[in-house]
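**Student:** Produce the complete structure using the sequences and hints provided.
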Amino acid sequence: MKNLTVSASPHVRASDTVTGIMLDVIIALIPSLIASVVIFGFRTLLITFVCVACCVLFELLSRKIMKRDVTIGDLSAVVTGMLLAFNLPVSIPLWMCVIGCFFAIVVIKQFFGGIGQNFVNPAIGGRIVMLVSFSSAMTNWTEPLVWRSGVDAETTATPLSILKNANGVYDGLPSLRDMFLGIRGGCIGEVCAAALIIGGIYLILRRVIKPTIPLCFIGTVAVIMLMAGKGDFKFMCYELLSGGLLLGAVFMATDYATSPITTKGKIIFAVGCGVITSVIRLFANLPEGVSYSIIIMNILVPHIEALTRPKPFGTVKEKKNKEEAAS
Amino acid sequence: MSKNIGGILKAVRQVRGGVFVDHNKDTKNLEVVRITPPEKVVLPMQQHIGAPCIPTVKVGEHVDVGQVIGDSDKYVSAPIHASVSGTVKSLAEVRVASGKMFPAVTIENDGEMTLFSGIEPPKADTREDLIKAVRASGLVGLGGAGFPTHVKLNFPPDKNIDTLIINAAECEPYITVDYRECIDNSWDIIGGIYTLSEIMGFKNVVIAVEDNKTDAIRVLKNIADKDNDAGDIVKLMTLKSKYPQGAEKMMVQSATGRRIPPGKLPADVGCVVMNVASTAFISRYLKTGKPLVSRSMTVSGSAIAEPKNVRVPIGVSAGEVIDFCGGFKAEPVKIIAGGPMMGTALVNTEVPVLKSNNALLAFADDITTNKKERACIHCGRCADACPMSLVPTNIEKSALRRDAESLVKEGVNVCMECGSCAYSCPAGKPLVQYMRLGKEVVREAGANK
Chain A
1 MKNLTVSASP
11 HVRASDTVTG
21 IMLDVIIALI
31 PSLIASVVIF
41 GFRTLLITFV
51 CVACCVLFEL
61 LSRKIMKRDV
71 TIGDLSAVVT
81 GMLLAFNLPV
91 SIPLWMCVIG
101 CFFAIVVIKQ
111 FFGGIGQNFV
121 NPAIGGRIVM
131 LVSFSSAMTN
141 WTEPLVWRSG
151 VDAETTATPL
161 SILKNANGVY
171 DGLPSLRDMF
181 LGIRGGCIGE
191 VCAAALIIGG
201 IYLILRRVIK
211 PTIPLCFIGT
221 VAVIMLMAGK
231 GDFKFMCYEL
241 LSGGLLLGAV
251 FMATDYATSP
261 ITTKGKIIFA
271 VGCGVITSVI
281 RLFANLPEGV
291 SYSIIIMNIL
301 VPHIEALTRP
311 KPFGTVKEKK
321 NKEEAAS
Chain B
1001 MSKNIGGILK
1011 AVRQVRGGVF
1021 VDHNKDTKNL
1031 EVVRITPPEK
1041 VVLPMQQHIG
1051 APCIPTVKVG
1061 EHVDVGQVIG
1071 DSDKYVSAPI
1081 HASVSGTVKS
1091 LAEVRVASGK
1101 MFPAVTIEND
1111 GEMTLFSGIE
1121 PPKADTREDL
1131 IKAVRASGLV
1141 GLGGAGFPTH
1151 VKLNFPPDKN
1161 IDTLIINAAE
1171 CEPYITVDYR
1181 ECIDNSWDII
1191 GGIYTLSEIM
1201 GFKNVVIAVE
1211 DNKTDAIRVL
1221 KNIADKDNDA
1231 GDIVKLMTLK
1241 SKYPQGAEKM
1251 MVQSATGRRI
1261 PPGKLPADVG
1271 CVVMNVASTA
1281 FISRYLKTGK
1291 PLVSRSMTVS
1301 GSAIAEPKNV
1311 RVPIGVSAGE
1321 VIDFCGGFKA
1331 EPVKIIAGGP
1341 MMGTALVNTE
1351 VPVLKSNNAL
1361 LAFADDITTN
1371 KKERACIHCG
1381 RCADACPMSL
1391 VPTNIEKSAL
1401 RRDAESLVKE
1411 GVNVCMECGS
1421 CAYSCPAGKP
1431 LVQYMRLGKE
1441 VVREAGANK
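Protein sequence lines correspond, in order, to chains A and B. If you count by my numbering, then the first sequence holds residues 1 to 327, one letter each, in order. If you count by my numbering, then the second sequence holds residues 1001 to 1449, one letter each, in order.
Treat the hints loosely; a few may be bogus.
Said to hold, decoys possible - Non-contacting residues of chain B with respect to chain A, defined by C-beta distances greater than 10 Å in every case (computed):
| hint | residue |
| --- | --- |
| 1 | 1022 |
| 2 | 1076 |
| 3 | 1090 |
| 4 | 1102 |
| 5 | 1129 |
| 6 | 1152 |
| 7 | 1191 |
| 8 | 1202 |
| 9 | 1217 |
| 10 | 1221 |
| 11 | 1223 |
| 12 | 1235 |
| 13 | 1388 |
| 14 | 1404 |
| 15 | 1410 |
Said to hold, decoys possible - Some, not all, of what chain A presents toward chain B, calculated at C-beta under 10 Å:
| hint | residue |
| --- | --- |
| 16 | 13 |
| 17 | 19 |
| 18 | 20 |
| 19 | 89 |
| 20 | 91 |
| 21 | 93 |
| 22 | 230 |
| 23 | 255 |
| 24 | 262 |
| 25 | 267 |
| 26 | 310 |
Claimed, not checked - Label pairs and their in silico Cβ distance ranges:
| hint | chain 1 | residue 1 | chain 2 | residue 2 | range |
| --- | --- | --- | --- | --- | --- |
| 27 | A | 49 | B | 1329 | 49 to 57 Å |
| 28 | A | 285 | B | 1400 | 39 to 47 Å |
| 29 | A | 316 | B | 1400 | 25 to 33 Å |
| 30 | B | 1401 | A | 68 | 46 to 54 Å |
| 31 | B | 1400 | A | 143 | 36 to 44 Å |
| 32 | A | 49 | B | 1257 | 42 to 50 Å |
Read the hints as simulated data drawn from the structure, not as lab findings. Quick reminder that beta carbons are idealized off the backbone N, C-alpha and C, glycines included.
**Tutor:** Structural data, given as structure tokens:
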């Protein structure tokens, strides 16, 4: 009995681990991965595999080169790889994926200190870099389900770009049912709303995320779109199911490192995301704004946190304190 | 004020945050057994919050059980009594559970357990007499904090203290001595409550217990119901079984909805909180005059051969208590004085049991060494768990860069070190340690004046 451990209390710990949390996120992304294979074919698996492998490899190399302990065991690089892949069109050349992963992991994540230290979501950062660098490859949308017939893939427009010029006529658009199931053009992981919702519910039930951010984000977009469409419910539904809104609201905006801790902060953050997304979709020269909205709000998180710092137990208003201190 | 639901009160205002820890109350059905008197006892002169005592005996002197061996002329302090009869062997310093060294009176037991001749039931008909008697009894909070009880009771009469809260929550895992007190000594508890409320003039008495202790609830409800004839002042409040319900500030909030400001005491919001075992002790003490020389403690954990609830003389070594419980059945990796959430890890088993030690736990494995510290992922679990509405991860960062100003702004001194944050941290961060570091930084900077 010579080597007793002496450490600060508490001497018991919950079973949650960072790896376990990341594993839950990976599990929650699986339905969307399956849906992507059904909709766009097996190349989605290849893209996901390449992104995951690159992210893990870049993380390993940068940790080694920076002589820091290797953190690939926490699986966060796998999550980043999957999320980045899900934000790409199925026709993307693989070498572009490698560049996106490099930017996401090395520049955004590791240059700032690794897990938990990144100031914006790595996957979104990587995606935006790819979007501005390879804009045509990144907006080359493949017709859904065509791969099954063996015909060469044709390109199509995304519902959002059709919607932008629709003016209440929904002729060129897939039905709402198809939108929900993901039978539409778009990034490989963003199209199937059903799969994303399943993943989101799983994360909420496992208490990995709270419903605050997804609900406020989507809710804000819904309200603004309902107003913009002058009460056109169908228009609102198309807006909610198109683009990367669900993927962004459930999996990217809820990223721990780049979202506020407190509920009040989460609401401000998510409403901000919703407003910026809507404004970009309605007024900007871009069809989609989810990535930009999240990245802008990511940058504001430190300020939101400073504004929403909870009041410690039993403290009264600051004014009163100052009076007491003065007396 | 409170809503009376079927005779049992619910919390007026729910405790925020907290964590659901495995209860592991394996000893709850075991009655308290008396330990074989030890060969010697070591009585450190600091067993309470406040000024240390100074030994009042000399080496070689004979002392009897209940004789004062250490006292202080300072107000916030409590005398210390011999827990066995025998000869004073030494006044040398010893190491206590916290790791600090204190002067201590070591008494060699003569095996007679002769009661000190001066012991007689104290006079306690008035407020002043009662407070004096409680001070003389050496009573400190038996729930773990060790705050001298007489100080707690000696609030200015104009302070309008209306509520006495009897804390039987026992929210720490493993520990079951307060539970046993409720079951086995329920009439002492009610006796103590009556005396206190009669003499001190409390208008409300709330007995607070967690809702997983059904037998204790039944026994206490029985008492509370019987009391209805006597003016209906004693009420029972059940709390959701959630750690740290039993913390003083949480208790006051649950029972009255009032929040104790930082640095203030329950008396500042009109409450006195007493541990259930302390209450029962007062009742017994007023009958017999026998001061605090022994206490009940839970001995449990995966490395203990026969977990027990034991009554031990104050000052017995941890090792002897564990030996009485069959010793170790597995090589212990960690031994804790107190509960697993707030207790202190021991360096060895030679440390003496103090007045405030409610448990000795020994474990064959230790999760805190297995769960390696990783980088913070900003998940917010610590902030969700904090019952004091702090953001522990921010405090950690401020503490590490020794930023006293930020630490004060973050409210580091509001932290009661309950451990809920560290418990829930998936990155395995020893957050309580960082909280303590933060408090130290603030102390050094003197920025919290």
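**Student:** Each hint: holds or not?
**Tutor:** Hints and how they fare:
The claim that residue 1022/B lies off the interface is violated: its Cβ sits roughly 8 Å from the closest Cβ of chain A, which falls inside the 10 Å cut-off. Even its closest Cβ contact with chain A, about 22 Å, leaves residue 1076/B beyond 10 Å, as expected for a residue assigned away from the interface. Every beta carbon of chain A lies more than 10 Å from that of residue 1090/B, the smallest distance being close to 25 Å; the non-interface claim holds. Against chain A, the non-interface label of residue 1102/B holds: every CB pair exceeds 10 Å, the least being about 18 Å.
The Cβ of residue 1129/B sits about 34 Å from the closest Cβ of chain A, beyond the 10 Å cut-off, so the non-interface label holds. At roughly 18 Å from the closest C-beta of chain A, the C-beta of residue 1152/B stays outside 10 Å, upholding its exclusion from the interface. Every beta carbon of chain A lies more than 10 Å from that of residue 1191/B, the smallest distance being close to 33 Å; the non-interface claim holds. Separation of residue 1202/B from chain A is adequate, the least Cβ-Cβ distance of about 22 Å exceeding the 10 Å criterion.
With a cut of 10 Å on Cβ distances, residue 1217/B stays outside the contact zone with chain A, its closest approach being about 25 Å. Every CB of chain A is more than 10 Å from the CB of residue 1221/B (nearest about 30 Å), matching its label as outside the interface. Its beta-carbon lying about 32 Å from the closest one in chain A, residue 1223/B satisfies the requirement of being farther than 10 Å from that chain. The claim that residue 1235/B lies off the interface holds: its Cβ sits roughly 24 Å from the closest Cβ of chain A, which is beyond the 10 Å cut-off.
Consistency note on residue 1388/B: stated as away from chain A, yet its beta-carbon is not over 10 Å from all of that chain's, at 4 Å minimum. With a minimum CB-CB distance of about 16 Å to chain A, residue 1404/B clears the 10 Å threshold, and the non-interface call stands. Separation of residue 1410/B from chain A is inadequate, the least Cβ-Cβ distance of about 8 Å not exceeding the 10 Å criterion. Here the hint on residue 13/A is kept, as its CB sits about 5 Å from the closest CB of chain B, short of 10 Å.
For the restraint placing residue 19/A at the interface with chain B, the shortest Cβ-Cβ distance is roughly 9 Å, inside the 10 Å limit, so the hint holds. For residue 20/A, the shortest C-beta to C-beta distance to chain B is roughly 7 Å, which falls under 10 Å, so the interface hint holds. A hinted interface residue such as residue 89/A counts as satisfied when its beta carbon comes closer than 10 Å to some beta carbon of chain B; here the least separation is about 30 Å, so the hint is violated. Taken as an interface hint, residue 91/A does not check out: its beta carbon lies about 34 Å from the nearest beta carbon of chain B, beyond 10 Å.
Below 10 Å, beta-carbon pairs count as interface contacts, and residue 93/A has none with chain B, the closest being about 33 Å; its hint is therefore violated. Checking residue 230/A against chain B: minimum C-beta separation of about 39 Å lies over 10 Å; hint violated. The beta carbon of residue 255/A comes within 9 Å of a beta carbon in chain B, closer than 10 Å, and the hint placing it at the interface holds. At its closest, the beta carbon of residue 262/A sits 7 Å from a beta carbon of chain B; the interface hint therefore holds under the 10 Å criterion.
A distance limit of 10 Å between C-beta atoms decides the matter here; for residue 267/A the minimum to chain B is near 14 Å, and the interface restraint is violated. Because the beta carbon of residue 310/A sits about 4 Å from the nearest beta carbon in chain B, less than 10 Å, this interface hint is met. Checking the proposed 49 to 57 Å range against residue 49/A and residue 1329/B shows it holds: the Cβ atoms sit about 50 Å from each other. One distance hint, 39 to 47 Å for the beta-carbon pair residue 285/A and residue 1400/B, holds here, with the actual separation near 45 Å.
Between residue 316/A and residue 1400/B, the C-beta spacing of about 29 Å keeps the proposed range 25 to 33 Å intact. Between residue 1401/B and residue 68/A the beta carbon distance is about 19 Å. The supplied range of 46 to 54 Å is therefore violated. Look at residue 1400/B against residue 143/A: about 54 Å separates their beta carbons, and that is not inside 36 to 44 Å. Restraint check, residue 49/A to residue 1257/B: a C-beta distance of roughly 57 Å breaks the suggested window 42 to 50 Å.
Checked against the numbered hints given earlier, the structure breaks hints 1, 13, 15, 19, 20, 21, 22, 25, 30, 31, 32 and satisfies all the rest.
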